[in-house]
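There are 4 protein chains.
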Amino acid sequence: MSVLDSPPIVDGPVPTLLEDWVDEINGLRRIGREFYSKGWSVGTSSNYSVVVQRNPLRLLVTASGKDKGCLACGDFVLVDEHGEPTEAGQPKSSAETLLHIAAAQDANIGAVLHTHSVWATLLSDVFLGEGGMELTGYEMLKGLQGVSTHAHREWIPIFRNTQQIPTLAADVAVCQASDRPIAHAYLIHQHGLYTWGRDLAEARRHIEILEFLFECKARRMAFPH
Amino acid sequence: MSVLDSPPIVDGPVPTLLEDWVDEINGLRRIGREFYSKGWSVGTSSNYSVVVQRNPLRLLVTASGKDKGCLACGDFVLVDEHGEPTEAGQPKSSAETLLHIAAAQDANIGAVLHTHSVWATLLSDVFLGEGGMELTGYEMLKGLQGVSTHAHREWIPIFRNTQQIPTLAADVAVCQASDRPIAHAYLIHQHGLYTWGRDLAEARRHIEILEFLFECKARRMAFPH
Amino acid sequence: MSVLDSPPIVDGPVPTLLEDWVDEINGLRRIGREFYSKGWSVGTSSNYSVVVQRNPLRLLVTASGKDKGCLACGDFVLVDEHGEPTEAGQPKSSAETLLHIAAAQDANIGAVLHTHSVWATLLSDVFLGEGGMELTGYEMLKGLQGVSTHAHREWIPIFRNTQQIPTLAADVAVCQASDRPIAHAYLIHQHGLYTWGRDLAEARRHIEILEFLFECKARRMAFPH
Amino acid sequence: MSVLDSPPIVDGPVPTLLEDWVDEINGLRRIGREFYSKGWSVGTSSNYSVVVQRNPLRLLVTASGKDKGCLACGDFVLVDEHGEPTEAGQPKSSAETLLHIAAAQDANIGAVLHTHSVWATLLSDVFLGEGGMELTGYEMLKGLQGVSTHAHREWIPIFRNTQQIPTLAADVAVCQASDRPIAHAYLIHQHGLYTWGRDLAEARRHIEILEFLFECKARRMAFPH
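Protein chains in written order, with our numbering: chain G, 301 to 525; chain A, 301 to 525; chain F, 301 to 525; chain H, 301 to 525.
What the hints contain is simulated information worked out from the structure, not anything from laboratory work.
Copies of the same chain look alike in the list, so a pair counts if it works inside one copy or between any two.
Calculated pairs, DSS-like style, for lysine-lysine (alpha carbon to alpha carbon, straight line, at most 30 Å):
1) 338 x 366
2) 366 x 392
3) 442 x 366
4) 338 x 442
Taking the hints into account, I'd like the entire structure generated from these sequences.
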């Protein structure tokens, strides 16, 4: 690794509290480096989490305000089922931790990823008035968990942005209980994408697939034919 | 290689059955890493194959559902002339293996590559109604095997997508026997590109050239002048 | 590091005059390598500086005409509060050094970054007639120092380009004293972006955020809906 | 270097005939790797040369049909003032070698670079009818040798493509003798860019600057305002 690597990677020590989850920590660091380089997590945006325990729920989540391209081993927080740190002395977790907790209520969810991309920002604005957008007809949809045909109709709800995260969490809960519930992901207006998976690999695959489809859909809509 | 390389590369052992084709395996792994990083094989999409024997035909093909950015040595299947694994105990090959087998019937074909890009997805939709699209006038066409002038007219057929791969294989066969047969490649609607070559290097070159031309054609069509 | 690394990195000796600021030098070299690879500092464009002393002001600034992708340790100049080299025998600093000095008058500013991107060039032309552009509604705005909500209205003034840097510096000063002063950044017409931060990390984050928002805004404006 | 590096780099031996120009060879290999990764030299397109002797003229030029992303030390040809190999047994040089020879007639030219990019292809078609295009108003123009202001008007002639390279060379010569001669570069229709410089670093900088400006101009023209 050269002194000129950018951003520089600091391995540093793993905090004692997190010692059991070195693999999860390195998995999230890797995701951060990758998503940063793809432009989906720049400017300290985004947050990522992994479920490390159920009953009671424990999440390992990225600390607030960190450069996702060079997460250090200490840039993580262990939070409880209310999104509160399990112990004092940890770095601050994002206010959006509540949205991770909400998604992780589902016992099939092992990881939650939130990214900010240009295409997601664009489409979240174009379709805000319709409350969401549909993705259909793409072979790539088959990469979403449980989808077996390109004819699948994937509905991605879009929520209005607010700095009141409990309000946002409530909006998500209402949608989830509606007749058009969230399937694999949702968007927040001019903010970004939330998706998840049974494990980190599946959540990462969902990000890749949705970002690909967002670019396909946006470019197709802008095409003059 | 850093712990933060993304996706991580696992070299692992080469399965005994595949020991004679380590170079081919590493060639396909390299292609996967490259095409993944270019955005042509994300989300576990795409599949690649190399002909390792003729009479009877044997193909080394990527296993189904693998991350193409980090193919391990064991993520390959040896299939026979019917697309069936030559031995039990191998990972599952893609349903689309039949399309590889179809292309490899031609004794001049040594490798078949299938990718999913944004531009291919876009153009496959724009030109679906015309059954294909023509590429002509580009110097870059000369990189296609046997083409010696930019004035060459390359016809790229586009097939409707279906989850019934035998149906798709039959459509391809009908086209091949028509008065406008497939030259170097075809598209499947909102699915991706199939191309091939005498060897892996030529097939890879064809992907590069066609992807370049797809972007040229799409941007030109969208240009307001 | 391979002989084929491009551009090649030459570490070389740190000039005696600059020996106290090796970390700052390496930080700026890293920024250069990164911004070059993102296309924001190609063709020897851009210049970067760090405040290394106050009272009197001393800036470490990139030398004129260097390839920002491979800055050597000697490609820097130490300048005084007038933008003049503190000692003879140093490489020439950019004429735009005056704009760095102007920004660094603010005691809260520790680093100034100037980049040339395609999106900044485009928007600086589209909004030239309005004297600037507003960015609002984006969650990403919260990455700008002191901004706590996506509802923030960020005004980015745009100045006409000129080869008379004192004229440009005067225009900036007039704007700064106006009822719509510069907040975090400004653009120069078909030239590029100036932004800054309390330290190099913050200035780099501002570049990332503003470049992301420029692309969002330009793509949204070009979208047909 | 990993087995998965793509494309793989083969250093190999430098041919005896070329032993005096190892630095030039490695410079061109580096350029190839870089331009390939930027998408300007894919599919074995492009060719590059360096003047290694004057009176009589000797050029080191890339061999025909090589992957520019992984040029080996032997993928070069030494040609004379007529574009013919100085010795038998060398790989074939491109038919376009004549265009390199034509540019290198100017005693101030030490390197010639020819690339194929998407933006160059697009603009060469949009402006073909006008015989060329003008670039003006961009600060980045100052990176072209001898240009000192953004107000500079750079005229880039565009020639019709043909497989008859002597015809093309004659067209270039006629233009050069006209009242609007070639300044730093020209385009060939749907083929690519030729530019040059006093040395390889300057020629590379010209490519970077022109590609940046092509993207700026094309995106601005397509912008709806």
